[in-house]
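Engineer: Chains as they are written, first to last, in the numbering used here: chain A, 1 to 401; chain B, 1 to 257.
Quick caveat, the hints were computed from the structure, so don't treat them as lab data.
Hints are all accurate, no fakes.
Lysine to any residue pairs mimicking SDA-like chemistry, simulated, CA-CA at most 20 Å apart:
#, chain 1, residue 1, chain 2, residue 2
1, A, K155, B, L87
2, A, K136, B, E11
3, A, K136, B, P7
4, A, K155, A, S114
5, A, K155, B, D88
6, A, K155, A, H113
7, A, K230, A, D242
8, A, K136, B, R10
9, A, K136, A, T173
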Amino acid sequence: MSAGLLGRDADVLVRAEGLGKRYPVVGSRGDRLAALGRLLTGRGAAREVEVLAGIDLCVRRGQSLGVIGENGAGKSTLLKLVTGTLTPSAGRVETRARVGALLELGAGFHPEHSGRDNVRMAAAIHGLSGDALAAKLPEIEAFAGIGRYIDEPVKHYSSGMVVRLGFAVIAATRPDLLITDEVLAVGDEQFQKKCVRWIDGYLADGGTLLLVSHSLYHVQKLCREAIWLKSGRIEAAGDAHDVTRRYQAWLEQRDAGEREASAARAGGDEMRVLRLALDGREGTTAEPATGEALRVEVDLHSRDERPPRLSLGLLRADGTPVYGVDTAMDGVEAVPLGAGRFAFRCVFENLPLLPGEYVLRAFPMDAEGLRLFPPAEARVRVRGKTREFGLVRLPHRWEAP
Amino acid sequence: MRVASGPVLRELLAREWRERYQGSLLGAGWLALMPLAQLAVLAFVFGTLLPARGSAGALPYPMFLALGLFPWLLFANAVNRGVTAYLDNAGLIARVPLPASIYVHARVLASVAVDLGALLLVLVVLAAFGLRFDAAGALAAAVGLGVLVAMALALARIAALLQVFVRDLAAAVGQLLGLGFFLAPVLYERAQLPAPTAAALGWNPLVAPLEAIRRGLSGQGELPWGALLASAAAAALLLAGSVMLQRRAGRHLEDFL
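Generate coordinates for the entire structure from the input sequences, incorporating the hints supplied.
Structural biologist: Structure below.
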């Protein structure tokens with residue numbers, strides 16, 4: 001390994017420049033043979049899929065860096081390139097550290113061999129053998145906490161037990177750079193807490209962490225910085241809270257888009273809300289006070305011109321349901337307006353909601369009341385001052401004992 | 001990231017050892033029992049049931065056969081065990097940054113160690129039945145074994161790498177070793193064959209080490225030093241070829257596992 005990329009700063013443990021990885025496509029029978037021919041003649045594979053490109057990265061001693069992104073974004077590939085188990089297709093990466101890596105939910109355990117044999121191999125990989133390993137073995141067994149299973153073949157282990165054992169070896173060897181890929185997603189809550197506590201201590205003692213996780217909570221808790229990989233490229237990098245917030249916002253936006261598309265596929269145009277108005281106004285937040293009336297006006301369109309039903313739901317802003325009712329329950333019929341349009345009017349007299357933010361949703365339903373179509377929603381801000389608790393004001397009276 | 005290869009190689013060798021004997025009733029006892037049983041079968045079949053002499057000279061045929069068969073098994077077993085080394089260790093290769101060839105080396109070394117032990121045991125038994133050799137013969141046999149091991153290592157390295165790309169290769173290697181068994185002077189002496197055939201077989205680089213071992217340990221026949229040197233050169237070329245192949249095709253090995 002040359003010192004060129006890492007430079008003279010001994011605190012730089014990992015540096016990558018223009019790092020990229022393309023995997024060969026070897027789906028059909030002859031692909032591997034063709035790939036061999038091309039490798040022997042010094043050419044790349046004929047068909048490749050790019051999973052990582054243009055990654056510039058610098059990890060310094062004591063840094064804790066989270067790597068987040070969707071499945072297939074290139075997170076695991078990046079870790080493998082840093083660990084050295086993959087060869088880059090483009091750019092360079094160099095590492096100057098004793099690395100402890102738990103990649104793809106394991107430490108490279110062989111399923112046919114016992115946990116103890118695999119621990120011996122993992123320890124040898126981390127530079128522990130002979131007396132040093134014998135001294136550490138009780139500590140490893142205690143941390144893993146898998147009891148008599150230590151002498152059973154690893155193929156009999158659950159995925160949680162495999163990770164327990166792998167993490168126990170890492171904990172015993174205390175690497176300079178800890179690389180983990182979704183380790184905290186496996187195993188029971190108690191072991192997760194144990195791992196998080198250990199990583200906290202490891203970082204407090206100056207350890208360096210490269211963590212891949214779908215758990216934004218763990219990234220925020222354990223990492224000071226994060227990078228967000230999107231389609232093999234760095235979409236955002238910086239403070240862990242900022243990056244995870246951006247990623248979370250993107251996820252929510254994407255999921256909302258998918259929900260709308262899915263609703264449209266499910267027949268959203270068969271029955272749809274044309275208009276939702278609160279207190280005669282459309283698209284604004286209604287602001288009734290507790291005890292006042294809330295007037296709801298809904299116009300629906302029914303493609304086959306059969307009269308629809310309407311379901312109304314009131315929720316608190318955090319999603320807690322408050323009240324729901326539909327026209328069939330109250331024996332109310334839709335008023336036809338012509339051309340498949342129907343109107344509903346509903347008034348909540350003496351609104352018993354306590355002051356706060358609420359959402360009103362209007363769901364069209366088919367004539368049989370079997371299918372629910374995508375809703376429209378409007379915000380309701382209930383005005384007022386009160387020291388009462390909860391969602392609604394329940395009629396009550398105090399009596400003399 | 002650098003991983004010290006030495007301790008890992010030791011663990012891989014220990015793993016090979018466990019894979020062979022773990023779970024069996026006799027365990028490592030098979031190490032001694034297997035060659036002795038094979039030797040007993042050879043003695044019974046070719047000494048009592050079907051007495052054969054071939055052109056083994058004054059050497060009893062079972063002894064002649066044993067001096068060819070056990071070195072051949074050492075070579076063939078090493079190649080056979082090495083072929084699937086990369087595929088069998090794909091899990092480790094994907095997670096641990098070690099030079100991939102270490103997995104082939106561990107397979108070949110473990111196999112050679114076991115078969116070398118068997119050969120030594122057989123020699124002890126044969127010595128009890130009158131086998132005698134001198135220092136020059138022992139040296140020729142040792143060089144012959146060294147050439148066989150080098151050739152097995154080179155072929156195993158090449159075959160293991162190609163097996164990653166051509167998954168049918170393991171089956172083909174088994175068949176080729178079967179053919180090689182008959183094209184090498186294991187069951188017969190080359191002098192028994194028609195002269196052109198014997199001369200043609202002389203181009204087989206496995207012939208000289210096998211003949212050096214048998215002649216060296218039995219003290220019968222001229223030691224083929226010149227041919228042995230040529231075979232050693234062929235083994236060195238094969239090893240160099242395996243290194244070149246590893247550099248070219250092995251660079252992205254993990255992408256194809």
